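Asker: Residues per chain, in single letters:
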Amino acid sequence: MFDTGLIEKLVSSENYYKKREEVEKLRHKAIKMSHKYHFENNRFYHDYCKLKGLNGDIKPKDFHKIVIPDGVFKSYEMECPEKNPQEFKKWVERISSVPIDFTPKGMGSLESFLEEFYSNGLMLGFSSGTSGKLTFLPRDEFTRSMIVKSYTEAIDATLKLNKGQEKFILGIPKKTFLQVGYNGRVVAENISPGNVFHAIDSLKADIIRLRMRGPRSSKEKIMNYFIKKMLPRIEKNSIKGIVSNLEANRGKRVVFMGPPFLIINTAKYVLEHGIDAKIGEDSFLASTGGFKGRSIVSRDKMNDLIQEAFGLDPKRYIDLYGMTESNSIMVDCLEGNNKHIPPWMEVILFDEHMEPIPPEGKVTGNYAFLEPSSKSFPGFITTGDKIKVDYDGCPACDKKTPILLSIERLPRLESRGCSGVLAKTVAD
Amino acid sequence: MSKLKGYYLPKSLKSLEKEMEFTEKKVNNKTILTPNINSQNIANIVTELKENRKKYLSEMPLTEIALAYGNVSRKWADNKYEKKKLALELLPLLTNLSSELIEFYQFRSIYKIDEKTINFLSTLNLPPEVFKQFTPIEGANTYVRAYAGFRDKLSLKNISQNDKELELVTYITPSNVPGFIESLGIFIASIVKAAGLIKTPSVQPLFAPLFAESVAEQNKEIGETIAVIPWAGGDESIEDIIFRNSNVVSVVSSTQTAMSVKNRIDKLNREGNSIKGCYHGGKFGIELIGREMATKDVAGLAALDGIGYEGYMCGSPAFGFFVEEDGELSPIEFAEALAGEMEKLSKSIPQTNFFRKLRDVKIGEIISRPEFDGGQKIYTSPKNNFAVIFESKFNLNPIGQNRLIRVFGVKSLEEVIDKMKPWKEYLQTAGVALGNDRIQKIAELMGKTGFSNIRVAGTVALPRLGEAWDGNYPIYEFYIPDSIQWTSINAVDFENEIKELIKIKNQVITKGVFNPNLQIR
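Protein chains in written order, with the numbering used here: chain A, 1 to 428; chain B, 1 to 521.
Treat the hints as calculated values from the structure; they're not laboratory data.
None of these values were measured; they are calculated from a predicted model.
Beta carbons: idealized from backbone N, C-alpha and C, even for Gly.
Be a bit skeptical, because a hint or two may be false.
Looking from chain A toward chain B, a few residues come up when the C-beta cut is under 8 Å (computed) [as the list claims (entries may be wrong)]:
id: 1; residue: 40
id: 2; residue: 43
id: 3; residue: 48
id: 4; residue: 72
id: 5; residue: 91
id: 6; residue: 357
Bound-form chain B, shown alone (with noise of 0.2 Å):
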């Protein structure tokens, strides 16, 4: 029986490796080792991380990190990738998400993680009119507007020549959206120039590991500067000592977990500590489908928004799809077109059982209310890939997980906006299919309202380059308060991109998610 690294430690490390015990985790015919982390193993890791941070990194050539990254990401891309054909033959037994579903939403979204998304960020410097309204961003396709008062647009003006350097940045990362957190952590600590310090999920130790590994592969000195390993989330006695060493503490995880360490975080910096923390907790998605879009093609591209890591992230249009009335199909019309797009995509990203009976439960529950003796219709699929239900009373609850669809019809999506107000702290994403001369004003709405990523349908589950995030803005946060909002719309021309991720969409039903010339956007 193979044995696999679930964890990943710079070379310097060698001796304490040698010296430390492991658990055994069994998947397949392989046996994933963790690493059982006492205080002791984590000050001589996190004191060897920044050492060879100094040694290597704080005067590495932001062109040389970038290669490294591109590199890597070429190599993903790959399917003949020894790393990748493990992760997918491991990963959906770790999660039970489907191999397809992987490669779809989370390794293609690593694919941009290359020299021009390095270039971008590293030399990244927003415009003050994003104080005043949406505003495109040079070398992005993408609109950026921040909500702030005065002290916080001189604390983002000061940011450029902030030189502060950080040694150490922390990742906590979630079990929802596996691999994808841990991968940009391990990137933006490296283009910060900081040691970067992953931990992840208990179960799913594997694929930050693999990606560490791929960056050591491209780039040795870089490969020094990494550390992955689990402990038990809430160990003081391994936290502390992490924290402490820590420039930055970045949580994403459950509103629990993520206060939690907030709390911590907190009383270290009142006992004289200086740690930013970046703090991102549960949050819900809305689907809204403007009337002059409500089409069969954009249903497609709710599916796709439907269908992304089954409905966990914390961008899912878990509230469910609201669709204008008097478009080309009416609200109950697009919910059947729906229903036949999740049908065709669901046989080239494939649900597995594991979900299936999620779904079969809370629709349990769902049509057990007495609305479904009329009024409501469920499409199902033959096979049992979805369910989509169209519902006649609108009602706001974050159950759309698993593939079950739920499609309200609304008069406005204007109206829609203005009841997420009492869920404002767990507002982030919308998927969003609106004509180009309807965006600005919906997105300043939306905006005010609390929402921080407006994306394009069909977009939903794959972030993008020059996006703001849960309301913070990537390596930003890092320097400032959290005191500004940021919002970012993720396409300037919306009617453009909604004619090109169709095709994406169509390619996807014909030659699958493993077909090498399938775009990316």
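If we strip away everything but chain A, and leave its shape as in the complex, we get (with noise of 0.2 Å):
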């Protein structure tokens, strides 16, 4: 049985003000709960923990053998899973720890098949890498839920938000299947619901998927030509709707949130304009997955560009870090801009022979993570970054989670980040 009471206990804003050893009590109570309930319902994940001589049973020293390869996610063979959809659901439920209780007809487009997915109860959120082959991770209404509850808990317990007063400009689209684009847009709806602008209208899963493989046929190829001419247009009414929100809400508190090449150009686009988009100055700026695909932006240079542009103190931009596997994100706190590591993740890192790395000081390897709130697919997951993490926690607030000094991708590994996709797909 899945605890959700226990879950709900663990992922709350209060739990990086409390005592670590306690808050850890509680996160490895729910980690053996999700591990076993995982154990028992997900035919994947039991033969996988049943390869390495483990049970449904599981103390925290084993715990760095239960993290699956993030590879899993993305196994099915089929090139086009809308074309194969009994296949593909197969698949689904080999890695899914819910049933799943339709048959999929697969009716054309991949959009419609992820719509025809989340009609019926499982949303297949996906993020890509360069080759095109789509991550899916099926989440649940649970899941999903649990997707919002991180966010917000995340972000109140460094920002404090007013609910259903704030108003949200968001740079990510209002529908997608995209993981990025669909938590952006959950999270804002739930804080401040019939508050939230969005910069796009929606970002269909066939064009991204085309844009980061490649085209593969020649209607494709003349698919993918119009799509490149379009593009440019797409992104500069994004940009132009954002600034007409910034203006109407000049001096006023809200919220622009968006991957960081739409900022810089935003900024860009007021300042070259001339324009007043000054907002209040207790709004704040967020940006997410770096910059993939795009030239990057120091953060010095982005912090003169949003107080110049927006006239935003710069320690009100933070960047979040998250991964399409993931519930979560880790934000930076206002006082020392240090990402926080949320108290309901584990985090583990790994060295270069593999071994796990002890949770002391100051120390940088691969990541894997173990998330116990997600239902629908195991959350214990090993990643394509390495990250340097603080264990000491934070010099500059009271919380008392560990912190996050620096992030790279593995050469190994694709360049997939969420944001990457989207710079990528809208990049010439």
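Work from the hints to combine the two standalone chains into their complex.
Answerer: So, in structure tokens, the structure goes:
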């Protein structure tokens, strides 16, 4: 049985401030519960654990053994899932921990195929590598609710949001199964229902796949040609939409969130056109995912642009770090702009010999996490990122959680952040 | 903390060595020094190598060269040799390969570099029949076949009259088979009486300098014609000087690196240089087990092939092990027997945690596929030493590294070979277990499909005298264009060879790999 009450108790902003040992005890209890549930309900995970000589009961000393490779979530063999709906369903059933009791028809496009799953209770959120092979994460209703709760609690621990009152300006699509877009939308709409502006209306999975992997047929080549022609206009219109909303909220508190390249280009547009888009000084600006696919702009340069264009203290610009496979984000604190690891996530770092590194002091390693809040798939995952963590915590704020000092992609893996997908999709 | 040289230079370059700056790499309680090479250093090195070569090597009798390398080989075969002890202490830390694996595959290949090998290669003259069929080669337990056009046949005919002197041979070596290619490069340069310049991989700069020092211990003059140095691959300020001064540049690396060097050498040749490039990029291997050889002992030989270099050698059976139906063991029984043999062999040739973890990642991806809900079978090791997966659905996917052994049942091996055609440019080695009456026919089919090394099961990671390599023929490739495709079979009597190899495999299981009486074939 999946103890949702235990998870609700763990995923709370209060736990950022509680004694580490106390939260760790709760987190470990939740991981053990979650592991047992997935061991009993997920056929792949059951076999994987059995291969490692593990059963449904796990001890913290063995936590590093239960992490599964992120490649599992794109291990399906067909090139186009929508063309092989039954085979694809079998794959989802194998990696999922909740039953799938409907028969997908595969109605033409990938987008409508994903829509079919969604209308039957299972969201297949995706991100993509440059190969165009999409990573799919099956999320049931409870797991999706945990995205909202994890994001909200993490943001709440830092920003103290006025629920129902915040005005959100989002540089992400309103309708998309791209996980980063979905997460931003549902979190914003949950915090301030009806008070969210989306700069982009929709971004279809078929277009993203085409842009990431390149055209494979003459039909796709033609489509790609027209999409390439159209995208700069879409980006420009998005920027114009964002700017007119910023103007309309001049001097007021807003939360402006988007991929960094869109924030930069919006700031440049504002400055080039001499527009007054100075928002309230208690506003927030948030970006996520880095600059993959676009030229990188330094934090200092971004700070200057943000201050000049939006009149915002750079300390109120926060960068978020998340992953498609995770329900959570790491948020910069305002005091020191340090990214805090949420107390409901257990981070495990592996050294170059693939051995777990003791969680002490400042250490760098290959990043894996244990997130017990995922009910529909095991949230115990190794990633393609190498991170540096300071387990001694933040020198600038009162939170008790470890902080993230740096992030880099491991070279063997594709560039595949969600922001990278957005950047590459709209790049020329 | 003792300091070790992660480079080797001739004694005549002592003054240059004193001027150079070094980077330190700490391993255990030792520090490995590697020089930060600049263009001036490299110009001095290649000039000196060529002068030394003229002075000491160009007129040296082959018997003297053969004796030196024979002695080197015997030194390394001695478990008490200090350089070997040092290599076996540090190479596992640098490469993550166990010392037993390094001994069995790398060092035992080096022990074959002896007088017999040198005499064979230095008097190489393949008969014209090789263009018609697999032909036994005098002095080696090998069949060779060449696929070529008329002009290629002529150029091969002319090779025996070739008196072109080679002054400098450069080898760019890989990290996946640590040490073997470096030692091969050093010795082949010497037998064509050229100076040898070896670029070591950055992860493992240690072995080649130790080997070069061994050569110098045996023959100071040969030692003056060798240099082993690391540099940043692709640094044109260094590589252009090296390439312009080399008669031959041999690259054994990723396809990307090999092609990048090729483009640069092609450009230099268009500018009037005459450099022979030998390019060896990434390849994948396969294991083919005929029904007549589907036995428990042959499964043990297949296991040796799967263990070799943890599956990262270009010949390793990364595509999997394909077993014909209707043999003494069915394909699934063969998979089970393979697991049993892997367990026994892994005690003598253990795997390190590094590769275990990499295997876990790949297994995770494989068993997440729906067919694992039934029909597939996984045989695991109680101590996580390997995983053998019997897959019911035929597929060609080169993911069999880290002792992840994938076994497939097939109606006929010919069918598998036919399906390999789309992978032609990545084909090189196949481990094969067949009766003598089938080998020639299947080898011909394999040669035409693009395989160059047909090796008896159990020897995939143990190259032999007289074999082709990667579609070329050693030494010949320095002189003639690459348009001839060379294919070899590394045993004349397959059935007898398998019997002998089974004895060695059983000895490895009972007495380990450091047994001085362990036969070398």
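Asker: Give a verdict on every hint.
Answerer: Results for each hint:
1. 40: violated, 16 Å
2. 43: holds, 6 Å
3. 48: holds, 6 Å
4. 72: holds, 4 Å
5. 91: Because about 5 Å separates residue 91 (chain A) from the closest Cβ in chain B, which is inside the 8 Å limit, the hint holds.
6. 357: Violated, about 13 Å.
Taken one by one, the earlier hints fail for this structure at numbers 1 and 6, listed in ascending order.
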